[in-house]
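Enquirer: According to my numbering, the sequence shown is numbered sequentially starting from 4.
Keep in mind that the hints were calculated from the coordinates and are not lab data.
Any given hint could turn out to be false.
The list that follows gives simulated cross-link-like pairs (lysine-lysine, DSSO-like), each with its CA atoms no further than 27 Å apart [as the list claims (entries may be wrong)]:
{"#": "1", "residue 1": "K102", "residue 2": "K81"}
{"#": "2", "residue 1": "K301", "residue 2": "K284"}
{"#": "3", "residue 1": "K208", "residue 2": "K301"}
Because the structure is a prediction, the values reported are computed rather than measured.
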Amino acid sequence: MGATELKSEVSISLADVLAARERLRGSIYLSPCAYSQMLSSITGQQVYLKLENLQMTGAFKERGALNRLVLLTPEQAKRGVVAASAGNHAQGVAYHATKRGIRSIIVMPIQTPLVKVTSTRNFGAEVVLHGANYDEAYEEARRICAAEDMTFIHPFDDPAVMAGQGTIGLELLEQVEGLEAVVVPIGGGGLIGGIACAVKETNPKIKVVGVQTSRLPSMARAVEEHHPVTIPAATTIADGIAVRRSGEVTLPVVERYVDEIVTVDEDEIASAILTLLEREKTLAEGAGAAGLAALLQKRTSLQGARTAVVIGGGNIDVTLLSRIIERGLVQDGRMIRLRITLLDKPGALAELTRLIAAHRANIVDTLYNRAYYGVNLGNTTIDITLETRGREQVEELLSALNEGGFEHTRVV
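Please model the complete structure; the sequences and the hints are all you need to start from.
Expert: Given below as structure tokens:
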């Protein structure tokens, strides 16, 4: 793929993105794009983070939502708008519709995290919980839209929405001198389509790389087959890009302008979230961290490029965040669980804990057991969860356990 290859007609132009910027001026926060020396060292790129998680609603989605709302006719604005979303688009539509006195109804899947439902209501929308997934919520939103003669605002498959998201690309060109590459998460393609159009039409030499979760690579499949493909449903911590089918409107834009699409898996996204928290003091949701995950795992073809990574959002449920942090610690080797067999005699446990303490590992949890795991009479088994500094310390500890005669296995 490349900017010079002529694909099917695209629905937006640089002029559309420039016009969107004028409409959004003064209503959308100009998010910073900070250079990260630490991430640059880790990834081998010159990394700049475009922090869209700092928007009022916590994500880039309000750019496209606002651009679409501003384009409503007075009669359409009077009747109100409807949207279907699991979170970020919902909040963007709700916030800016309420600010303009426009009624909004947002249909959200029943399993949407409470924090996102509450935030959407607090921004002034009427929230309808319906369906087990986005597709079912979408169908209900379309039904309400037709029944009440309201205007539907699509989360990505709309030229006005795409142009609104593309204003990020214009900002990147101004914020990063000598920009050589942009890494963008992909769901339905609205964000990357808008950014890619803005960037490539200004400087075709800049590479645009898209990142999807390996569980739902709908845009990658669509590009391969040159038409949208509906892929099987799957769960992912990157719920913001959990789209089963790419957009009809966005696909031609992606085909024309995007140079490369790569995928990352769940553990890699969790690790990127943890890296942003620890190294950059930045909170990102799964979809927001996907671009950085691709750089950390060296999935792209970029080589030392001056690269902007779009951190698309930071709206993450705290219980999910807790699990992601724990999963990331396990993935990085900083939390392990060992099942160790001991002689059932006084002092055996003390000997084990002294060995662990000598290697500076911290015991987080223990489960002491005589009846299960098929241990011999006269023995006992203990499951110990440990915090460590990383894989090197883990290997040192396992070697010490072997030398001390402690039979052990890792529990995964």
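Enquirer: Provide an ascending list of the numbers of those earlier hints which the structure does not satisfy.
Expert: none
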